[in-house]
Structures are given as C-alpha cells and as structure tokens.
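Which chain is which? The protein sequence lines are A and B, in order. Just add 135 to wherever you are in the first sequence, counting from 1, and you've got the numbering used here. Just add 135 to wherever you are in the second sequence, counting from 1, and you've got the numbering used here.
Keep in mind that the hints are not guaranteed to be accurate.
[Unchecked claim] Across the chosen pairs, the derived CB separations fall in these ranges:
(1) A/Asp271 - B/Gln162: 19 to 29 Å
(2) B/Lys428 - A/Glu382: 38 to 48 Å
(3) B/Ala297 - A/Thr181: 51 to 61 Å
(4) B/Arg400 - A/Thr181: 39 to 49 Å
[What the hints assert, rightly or not] Facing chain A, according to a computed beta carbon distance under 8 Å, are these residues of chain B, among others:
(5) Pro139
(6) Ser357
(7) Lys428
(8) Ala430
Hints are computed from structural coordinates only; laboratory data are not their basis. Cβ atoms here follow ideal geometry from the backbone N, Cα and C, with glycine treated the same way.
Protein chains: 2
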Amino acid sequence: MTQPLFERLTVIGLGLIGSSLARRAMQDGSIAREVVAYDASPTVRTRVAELGIVHRVADTGQEAVQDADCVVLCVPVGAMAPSAAAIIPYMRTGAILTDVGSTKQSVIREIQPFLRPDLHFVPAHPIAGTEYSGPDAGFSTLFEGRWTLITPIEGGDPEPVAKVAALWQLCGAMTREMDAAHHDRALAIVSHLPHLLAFTICGTADDLEGESRNEVLQFAASGFRDFTRIAASDPTMWRDVFLNNREALLEMLARFTEDAQAMARAIRWGDEEFIVDRIERGRRIRRSLIEIKQA
Amino acid sequence: MTQPLFERLTVIGLGLIGSSLARRAMQDGSIAREVVAYDASPTVRTRVAELGIVHRVADTGQEAVQDADCVVLCVPVGAMAPSAAAIIPYMRTGAILTDVGSTKQSVIREIQPFLRPDLHFVPAHPIAGTEYSGPDAGFSTLFEGRWTLITPIEGGDPEPVAKVAALWQLCGAMTREMDAAHHDRALAIVSHLPHLLAFTICGTADDLEGESRNEVLQFAASGFRDFTRIAASDPTMWRDVFLNNREALLEMLARFTEDAQAMARAIRWGDEEFIVDRIERGRRIRRSLIEIKQA
Ligand SMILES: NC(=O)c1ccc[n+]([C@@H]2O[C@H](COP(=O)([O-])OP(=O)(O)OC[C@H]3O[C@@H](n4cnc5c(N)ncnc54)[C@H](OP(=O)(O)O)[C@@H]3O)[C@@H](O)[C@H]2O)c1
Ligand SMILES: NC(=O)c1ccc[n+]([C@@H]2O[C@H](COP(=O)([O-])OP(=O)(O)OC[C@H]3O[C@@H](n4cnc5c(N)ncnc54)[C@H](OP(=O)(O)O)[C@@H]3O)[C@@H](O)[C@H]2O)c1
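The task is simple: from the sequences and hints, build the whole structure.
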C-alpha cells in the first residue's frame with residue numbers, strides 16, 4: 136500500500152460535515168492511517184463511538200490533536216475561534232489546521248490571533264450539505280462531484296494548501312482556490328440569501344391567522360414546499376453564518392429587495408414585458424444549471 | 136358498465152393541465168364517453184392528435200363544444216375571457232362550463248359578462264403542477280392526492296358543482312369548496328409569492344457581473360438550486376397569474392418584505408434570539424408538512 140496523505144487526521148465537531156468526512160476517511164485508506172474525533176458534546180462523542188465511524192474518540196480536544204498531522208474544524212462558524220484556541224497549543228509542529236466553515240473572512244479573522252508560526256492554517260469550505268445535522272446525518276459520498284473552495288491566507292506555504300486540496304479530492308470533490316472576500320460574496324448570493332428568504336417566507340406563513348396557516352400546509356405543493364426543504368436546516372449553524380457574513384449578505388438582500396420592488400411595480404402597473412423578461416431569466420438560469428449538471 | 140359522469144367532455148387548451156386531464160379521462164372510462172379537444176395553437180392540435188390522448192381534436196372552439204355536457208377551460212388565466220366568449224354561444228343548454236385557472240376572482244369577473252342563464256359556470260383550480268408546460272408535459276396521475284379547490288359563484292346550482300367535484304375526484308384529487316377571494320389570498324402566499332421570489336432571485340443572480348454569475352451556477356448546490364426549479368415555469372402563465380391576483384400578491388409581498396427587513400435588522404444588530412426564532416419556524420413548518428405528507 137502507498138503512503139496515506141496523513142498519518143493521523145483529527146476531526147473536531149462530528150455533525151453532518153465532520154461525520155461525513157470521518158466516514159469517507161475510514162472507507163478510503165489513502166486519506167489517513169488513523170482517524171481521531173472530538174466533539175464538545177458528550178452525547179455526540181458516545182454516538183460517534185457507537186457508530187464506529189472513527190478509529191478513536193478522544194475525551195478532550197487536547198488529547199484529540201496530539202500528534203495529528205492534520206486537524207479539521209467542523210464546528211459551527213461561531214464556535215471556530217474558541218475551539219481553535221483550545222487545541223492550537225497542543226498541536227504538533229508542522230501540522231495543518233483547516234476548517235469547513237461556510238463563511239471564510241470571519242473564520243480567518245477570528246482564528247488568526249491564536250495561530251502559531253510553526254503551524255499551517257488552510258481555510259476551506261466544502262460546498263455540500265443537506266438539511267439534516269448531527270453525526271447520524273453524515274454519509275461518505277456527501278462531497279462527491281461537489282466543489283470545495285480553499286481560501287489560502289496571505290503568506291502561507293503552498294504545500295499545506297495542496298495537501299488540503301488533496302484531502303477533499305480524495306473525498307470526491309473538485310477543488311478551487313479563491314480569495315476569502317470573493318468566497319463570502321459568492322456564497323452570500325448562492326447560499327446565504329436563499330436560506331434567508333426560505334426562513335423568512337416560512338415565518339410570514341407562520342404569522343397568518345389560524346385557517347390560512349393550515350391552508351399553507353395543505354396547499355404547499357403549489358410552490359411553497361420547495362422553500363421549506365432548505366428552511367429545515369440547523370438554527371445554530373445558520374445563525375452563525377448570517378452573523379459572520381453580514382456585510383455581503385445584507386448587500387445581496389438589498390439588491391434582491393430592489394429587484395422585488397421593481398417586480399411589484401411592474402405587477403401594479405401591468406408592465407407585461409418587464410414581468411416576462413424576469414420570468415425568462417429564471418428559465419435561462421435553470422437551463423444553464425441543467426447543462427452543467429448542477430440542477 | 137355504469138353510466139360515465141359526462142357524455143362528452145371538451146378540453147380547451149391542451150397544455151400541462153389540459154393534457155393531463157385528457158389523459159386521465161381517456162384512461163378512466165367513468166369520466167366521459169367521449170373526450171374532445173381544442174387548442175388555439177395548430178401545432179398543439181397536431182401534436183395532441185399524434186399523441187392520441189383524446190378521441191377527437193376539433194378545428195374550432197365552436198366545433199369542440201357542440202353537444203358537450205362539460206367544457207373545461209385550461210388556457211392561461213389571461214386567455215380565459217376571450218376563449219370563453221368564443222365558445223359560450225355554441226354550448227348546449229344545461230351544459231357545465233368550468234376552468235382550471237390559478238386565480239379565481241379575476242376569472243369569474245371576466246367570464247361572467249359572457250355567461251348565458253341556461254349554462255352552469257363552476258370555477259375550479261386543481262392545485263397540482265410541474266415546471267414544464269405543453270401537451271407533452273402532461274401525465275394522467277398529476278392530480279392524484281392533490282387538492283382541487285372549487286369556488287362556486289353566487290346563486291349557482293349545487294348539482295353542477297357536485298359534478299365538477301366528482302370530475303376531479305375521479306382524477307384522484309381531494310376537493311374542497313371555498314370562496315374565490317379566500318382562494319386568491321391563500322394561493323398568493325403558498326404559490327404566487329414563492330414563484331415571484333424564485334423569479335426575482337434568479338434575476339438578481341443574472342445581474343451579477345461575469346465571474347460571479349458563473350459561480351452562481353457552479354455553486355448552486357448550496358441552496359440556490361432549490362429556487363430555480365420553480366423559476367423554470369411558463370412565462371405566459373405566470374405573467375397572467377401575477378397580473379390577475381395583483382392585490383393579494385402585492386399584499387403578501389409587502390408582508391414578506393417587512394419580515395425580511397426585520398431579519399436584516401436582527402442580523403445587523405446581532406439579535407441572535409430573533410434569528411434563531413425565525414429559523415426554528417422554518418423547521419416547524421417543514422416538520423408539519425412531513426407529518427401531513429405534503430412535503
Ligand atoms: N450543513 C451544511 O450544509 C454545511 C455545508 C458546508 C459547510 N458547513 C459548515 O460546517 C460546519 C459544521 O456544520 P454541520 O452542518 O456539520 O453542523 P452540525 O451537524 O450541527 O455539527 C456541528 C457539531 O459541532 C459540535 N460543536 C459545537 N461547538 C463545538 C466546539 N466548540 N468544539 C467541538 N465541537 C463543537 C456540535 O455539538 P453540539 O451538538 O453540542 O452543538 C455538533 O456536534 C459549520 O461551520 C458549517 O458552517 C455546513
Ligand atoms: N402549470 C401549473 O402549475 C398550473 C397548476 C394549476 C392550474 N394552472 C392553470 O392551468 C391553466 C393552463 O396552464 P398550463 O400549465 O397547462 O399551461 P400551458 O402548458 O402553457 O398550456 C396552455 C395551452 O392553452 C393554449 N391556449 C392559449 N390561449 C388559448 C385560447 N384562447 N384558446 C385555446 N387555447 C389557448 C396554449 O396554446 P399556445 O401554446 O399557443 O399559447 C397552450 O397550449 C392556466 O390557467 C394556469 O393558471 C396551472
């Protein structure tokens with residue numbers, strides 16, 4: 136057997152993403168010789184041990200990262216800094232610290248103060264997910280055919296960046312390097328704004344009085360339903376994402392609101408051409424997605 | 136064999152809905168002895184004949200409705216009045232005229248001037264659909280397990296209403312009577328607003344400059360994609376729906392916009408509790424949908 140990419144891979148936070156990564160690494164010996172896990176929640180630690188999706192579950196972060204050559208933070212974005220702070224002092228010289236957070240500028244900004252010069256920090260974001268969370272929700276093929284974006288920090292070495300790219304490629308992902316600010320703007324429109332709109336329309340519907348609220352549920356097949364799938368996602372994760380990408384997200388929401396107002400005006404004044412043009416764009420985008428097989 | 140519900144059922148407009156109804160009626164002899172079709176488009180008429188999904192395709196509306204005991208208008212909402220006006224003079228005394236339009240007050244208001252006292256008009260709306268359109272998109276099981284809402288006009292006979300309900304029940308639908316104004320408000324939130332938001336976010340994304348626009352497509356899996364499916368729907372149909380339910384739709388959009396602004400404020404000021412509360416509602420609604428098997 137050829138040398139695996141890592142000797143010891145440590146996953147911190149065994150939710151949907153962390154447990155999927157662990158499962159993949161256990162399945163594919165070329166990723167790491169040993170997979171170690173730590174989660175702040177004792178319930179999750181017990182469950183991960185039961186599931187047998189890692190070689191070893193550690194009782195503390197300190198114990199988990201000892202002698203690991205790669206540590207992957209898979210906790211909510213708001214928990215990245217404290218969980219990094221708790222383990223960095225115990226990491227081995229030359230080891231790689233990476234993360235999977237859905238926002239990148241905030242994670243870099245908050246982890247940087249705790250970094251050591253003898254460690255390599257490589258921020259990354261696998262763009263894959265479902266509306267479920269927790270260690271039971273993960274599966275080893277989650278990242279297949281999806282993108283993982285890597286947002287290297289300034290002045291970092293290229294070799295650890297290449298190793299993190301290799302890690303995700305071994306998980307079946309395509310990888311791409313990108314500036315963190317650019318990442319946050321792109322994700323604001325493709326992911327964070329759609330989630331915000333989905334949560335909001337569920338709230339608007341939930342506020343309707345008795346009878347109307349029931350009808351929303353009963354007649355959901357006519358469009359509403361498509362919004363509720365993504366609105367079923369984890370509150371802690373999404374609260375953190377919204378708060379940690381607020382500038383880009385609020386800017387995209389402002390653009391969207393302007394566009395919705397323009398549509399409202401066109402409806403009010405019967406501007407058929409404008410309305411049809413807007414609808415045609417939706418169709419075009421859908422067609423492009425189907426062409427590039429992302430639909 | 137027992138008596139079918141109708142002797143001759145005429146379907147006007149053989150798109151997704153009309154062709155699905157025709158297919159069902161052809162499959163299930165208890166709906167009608169003969170199924171006749173007419174579409175304004177010669178291409179559609181030729182295609183429907185090729186598909187063999189009706190007994191007979193008529194060359195004119197006049198010919199199609201002759202001797203029919205039930206005529207179903209399945210044209211876009213904006214075409215309901217002209218197509219009703221064109222056929223009503225040739226309908227048989229005592230026949231039922233019904234429609235499938237997604238808005239009900241406007242259809243009733245616009246058809247009423249052309250009605251004859253010896254005909255029965257029963258407005259209805261099968262709440263089922265896909266993002267596809269045209270005669271090839273239809274299928275006989277489209278209405279199964281879905282609701283059809285019937286919005287009887289004031290002073291109408293109960294018997295034709297019962298017959299239209301029976302028609303949709305034979306198509307596998309559950310039926311419910313409802314006031315037209317109530318229908319239009321309910322559909323504004325469950326269907327028309329979600330479509331408006333989906334079209335709008337596609338437009339907002341389409342307006343991004345070069346590189347960012349490509350990224351929207353590539354990273355669509357992270358949420359955006361769920362919005363594009365419903366945004367692929369037919370422009371004529373949706374233009375008509377928006378224009379014909381403008382009051383209720385604009386009111387729901389105003390509520391939604393207020394709610395989105397409240398979310399924006401909470402994100403700007405870091406009001407975690409508010410954000411989590413909103414997200415929790417999304418989850419609750421999703422869970423309710425799963426419970427009542429409409430997810
Ligand atoms: N879900 C997606 O679609 C998706 C996609 C790409 C990236 N991401 C990113 O991936 C990360 C994890 O998301 P997820 O969906 O996997 O979340 P998840 O299923 O909720 O799992 C997160 C896990 O981390 C644990 N945790 C929280 N704080 C911790 C700490 N300080 N130290 C150690 N463990 C801690 C949580 O324990 P408790 O249950 O006790 O809180 C939970 O078990 C987030 O940064 C998210 O932004 C998510
Ligand atoms: N799609 C849905 O999700 C859905 C759900 C419930 C109810 N509805 C309602 O059902 C109706 C039909 O929708 P659809 O999705 O089936 O539309 P569609 O697939 O676009 O089909 C409409 C058909 O009607 C024809 N038509 C247009 N004007 C006509 C006229 N004056 N006389 C005869 N035929 C005419 C069209 O021909 P051309 O192609 O030449 O225009 C087309 O073949 C609409 O009122 C819609 O609101 C739709």
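So, going through the hints one by one against the coordinates:
The hinted window of 19 to 29 Å between A/Asp271 and B/Gln162 is violated, with their beta carbons roughly 43 Å apart. Checked against the given bound of 38 to 48 Å, the beta carbons of B/Lys428 and A/Glu382, roughly 41 Å apart, stay inside it. For the hinted restraint 51 to 61 Å between B/Ala297 and A/Thr181, the CB-CB distance of approximately 60 Å keeps it satisfied. A hinted range of 39 to 49 Å holds for the C-beta pair B/Arg400 and A/Thr181, which are about 40 Å apart.
Annotation: B/Pro139 was flagged as interfacial toward chain A, and the flag is violated, the nearest CB pair being 28 Å apart, outside 8 Å. Annotation: B/Ser357 was flagged as interfacial toward chain A, and the flag holds, the nearest CB pair being 4 Å apart, inside 8 Å. A hinted interface residue such as B/Lys428 counts as satisfied when its beta carbon comes closer than 8 Å to some beta carbon of chain A; here the least separation is about 11 Å, so the hint is violated. Checking B/Ala430 against chain A: minimum C-beta separation of about 7 Å stays under 8 Å; hint holds.
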